[in-house]
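Asker: Sequence:
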Amino acid sequence: MNPCNTQNEEKKEKKLRAKLLSLRYLVLDSGRVIAGPFVLLYFRPKFYYENAAARRKLRGNALVIANHPGQFDCVKLLVAVWYRRLHIIATKDIFERSKFANWFYTQCQCIKVDKDNFNYDTFLTVQERLAGGCVVGLFPEGQVSASDEGVSAFKSGVTLMAMKSGAPVQPIFIAERKNVFQRLRIAVGEPIHVDELSKDKPAMLAIQEATQKIREKELELKQLIDTERQER
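Just so we're aligned, residue 65 is where the sequence shown starts under the numbering used here, counting upward by one.
Hint data in this document are derived by calculation from the structure and do not stem from the laboratory.
Beta carbons: idealized from backbone N, C-alpha and C, even for Gly.
Do not take every clue at face value.
[Claimed, not checked] Restricting the straight-line Cα-Cα distance to at most 25 Å, the calculated cross-link-like pairs of lysine to aspartate or glutamate (DMTMM-like) are: (1) K176 to D157; (2) K219 to E260; (3) K277 to D137; (4) K156 to E114; (5) K228 to D259.
[As the list claims (entries may be wrong)] Listed next, with one range per pair, are the computed distances between beta-carbon atoms: (6) Q135 to V97: 22 to 30 Å; (7) H257 to Y113: 33 to 41 Å; (8) F102 to V208: 20 to 28 Å; (9) L283 to K163: 12 to 20 Å; (10) N243 to Y184: 38 to 46 Å; (11) D180 to A116: 36 to 44 Å.
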């Protein structure tokens with residue numbers, strides 16, 4: 065066995081252990097362990113997968129995106145990617161509700177964004193998290209959806225973040241529950257590599273087309289759930 069390879073593997077293992085045991089994630093991990101079972105019991109999630117590739121658990125960095133049908137979608141997104149720590153991009157309004165709220169959401173590794181006045185610092189924070197191998201979650205619609213299709217127009221930020229970082233985009237569709245007795249339905253798509261959608265195209269056109277294709281994938285995942293409902 066090559067000594068250099070052995071040393072590299074040992075370094076990776078030490079780095080992974082340090083990350084897993086980091087106090088930085090104490091609040092987030094405690095919440096997942098304590099509240100997780102109750103959340104799963106309440107939502108009783110049912111998963112739908114686009115194909116075999118969609119069933120594979122995320123490894124390394126990724127941008128997890130979802131539609132925004134209503135309140136508590138952040139919790140639903142955490143349910144969808146329960147096996148990874150999720151750094152969710154959240155509006156600054158929830159941080160500013162109180163000092164405790166600011167502390168809590170910061171400790172939960174949420175990334176603050178001003179929807180009305182996007183700050184480049186937010187973009188840099190996302191890139192830093194992705195460069196560190198983290199999974200970042202966001203809702204590209206930017207607000208609770210009011211579209212009859214179930215998915216409003218996407219903002220191009222998700223495409224820019226993916227292009228800059230090289231991280232794959234993991235599309236997820238969350239079906240709105242009509243009542244608390246209905247199970248939470250989540251459709252998971254195959255990860256999208258934005259660079260493959262934008263080859264040999266001018267920058268602005270590539271961004272627009274890639275953003276539209278990501279939204280179209282969300283609509284396909286919605287159809288996956290709708291088809292199952294119709295067949296019942």
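Asker: Indicate, hint by hint, whether the structure satisfies it.
Answerer: Do the hints match the structure? See the list:
1. K176 to D157: Distance ~9 Å between K176 and D157 Cα, so the pair holds.
2. K219 to E260: Satisfied, since the Cα-Cα distance of roughly 19 Å is no more than 25 Å.
3. K277 to D137: Holds. K277 to D137 sits at ~22 Å (cutoff 25 Å).
4. K156 to E114: Judged against 25 Å, a Cα distance of about 33 Å means the pair is violated.
5. K228 to D259: Holds - the C-alpha atoms of D259 and K228 are around 10 Å apart, at most 25 Å.
6. Q135 to V97: 22 to 30 Å: Cβ of Q135 to Cβ of V97: about 24 Å, so the range 22 to 30 Å holds.
7. H257 to Y113: 33 to 41 Å: violated, 18 Å
8. F102 to V208: 20 to 28 Å: holds, 24 Å
9. L283 to K163: 12 to 20 Å: violated, 41 Å
10. N243 to Y184: 38 to 46 Å: holds, 42 Å
11. D180 to A116: 36 to 44 Å: holds, 42 Å
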